[in-house]
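Visitor: Now for the letters of each chain:
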Amino acid sequence: MLDSADLAAIGLTLQLATLTTAILLVIGTPVAWWLARTRSLWKGVVSALVAMPIVLPPTVLGFYLLVALGPNGPLGVITHSLGLGILPFTFAGLVLASTIYSLPFVVQPLQNAFEAIAEQTLEAAGTLRASPWDTFFSVALPMARPGYLTACVLGFAHTIGEFGVVLMIGGNIPGQTRVVSVQIYDHVEAMEFGHAHLLSAGMLIFAFFVLLLLYTLNPTGRRS
Amino acid sequence: MNQPREPGIRLVFRLDRPGFRLDVRLELPGHGVTVLFGPSGSGKTTVLRAVAGLEHPPGGKLHVHGVCWQDDAKGLFLPVHQRPIGYVFQDAALFPHLDVRGNLRFGLRRVPRDKRRLSLERAIDLLGIAPLMARRPDTLSGGERQRVAIARALAVSPELLLMDEPLAALDLPRKREILPFLERLHAELAIPILYVSHAPDEVARLAHHLVVLEAGQVIASGPLNETLARIDLPVRLGEEAGVVLETVIGARDLPWHLCRADFPGGALWIRDHGLSVGQSARVRVLARDVSLALEPQRQSSILNLLSGRVTALADDIHPAHALARVVVGEVPFVARITRRSVAALDLAVGKTVWVQVKSVALME
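Residue numbers (the working numbering), protein chains in the order written: chain A, 1 to 224; chain B, 1 to 364.
No lab work stands behind these hints: they were computed from the structure.
Label pairs and their in silico Cβ distance ranges:
1. A:Ala-207 x B:Gln-82: 44 to 54 Å
2. B:Ala-73 x A:Phe-63: 54 to 64 Å
3. A:Gln-120 x B:Pro-7: 28 to 38 Å
4. A:Gly-11 x B:Ala-169: 52 to 62 Å
Just so we're clear, the structure is a prediction, and the values are computed from it rather than from any experiment. Where is the CB? At the ideal position from N, CA and C, for every residue including glycine.
So that you can see chain A by itself, here it is in the shape it has in the complex (with noise of 0.2 Å):
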């Protein structure tokens, strides 16, 4: 059965899936906008930014972050001076590194979503009162529900499936930065496979179920 490595990495886990979407949510909601609504020459580099994380491998990725968090990279002078610490090997730090690596997912559902809202709508809103604020968040954000169920599942499912950048930036250190990934990786090196096959299995299931529940809950094409 599990044991409490087992189980302190799956809790670890959704805490750093959980924190990430969150994190994710709040800054993937404005970026989305802009990059839906702009006519900025810039878009085409932020959208390039965003989408990058998609085609690195993920150990690309980790390496830069572990150079730049570093206690001599640019990222790492300026944590440690704010008091922050090294974040490297920290579990904030692998918020931090999660947090990038998942963003195109949370994003680009987002982005869909608000490009769907006609312009002519939101402007309708306007000429009934509503301020550029007011007309964000009571049509654009309503309308936009089914891309953010899209980007919270998606967002939340693709932070749980890391492993490359995990084991560069987090390393391996239980309680802390071992979630159940690495912890499958550890079980399968030391032929622990019992071990493995449950927490394996375990994703497979996961996997499966949040997909099918993101598939029900917003088939496409019902919604044009």
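For this one, chain A is given, so just place chain B on it according to the hints.
Guide: Okay, now just chain B, sitting in the frame of chain A:
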């Protein structure tokens, strides 16, 4: 600051965009329906959007009922949500995530109680949408959607109602469904309406004041009939060229199902539509239904024979045709006749002629 508080709209808008230049200066009445008429690309919708504040033409000026909404020279631009307007988009633009009631209440909730002059019930009643309140926008027909959109715009108690081709996306039966509601609007509410259209029949039915735009320029602006009768203008009504008269029913000839529509200085016999004597009626006389003669044709099937004086002659679109402006009493008519007839009758400005009106349409 000595802004006159007189009702009305004064605007100056200039806009330079690739392939499009708008240069418009207008003074519009503060009551009735003003139609901005012109072909697509003439800038009429841009003017309407600029009045709403959805468009910001730099250096523009806009005063509505004496209140400044835009004066860039003074750094003043009232954002759209602070303008006391109602706006009806061509394709309704209802909120899909709200039902009809939610759509209607959206604007109403944002208007302070002391600024509400029109109750929601009144707006619902005017547009006849009471049975639709719980429906979602995607379950409504095009005509129903547009009626909800109009009621939604009225629910904010606007001081000015802006309508951007509200009928253009609808087929003919749906148009017929909505037009009576639009006529009720100006008849029952004292809200000035600025109405964008490229359809001559909407102009004939709804307009009191007509602005004709072409390629971003105002080519005419004035009371409806005066403007329609200006044959010197390239008012491209084509087959629909003609005039609209405000008449009062003066008599009925019940056995023959006819009634007499009186206008200042004359009268027309039209089909009896059940209007009673004393009621006002708007009638339309198309140029192609008016012919001219030097002698009165008494032996004719044509009922309406009026004496008038030619006040202008102009070329029509086809080189075979000419347009003649003939004043009967105090009212101008337009006749489409061939140029050969102009020569044969030796028509000239000042000449007295007999005007034969073959058909008159009642606009109701």
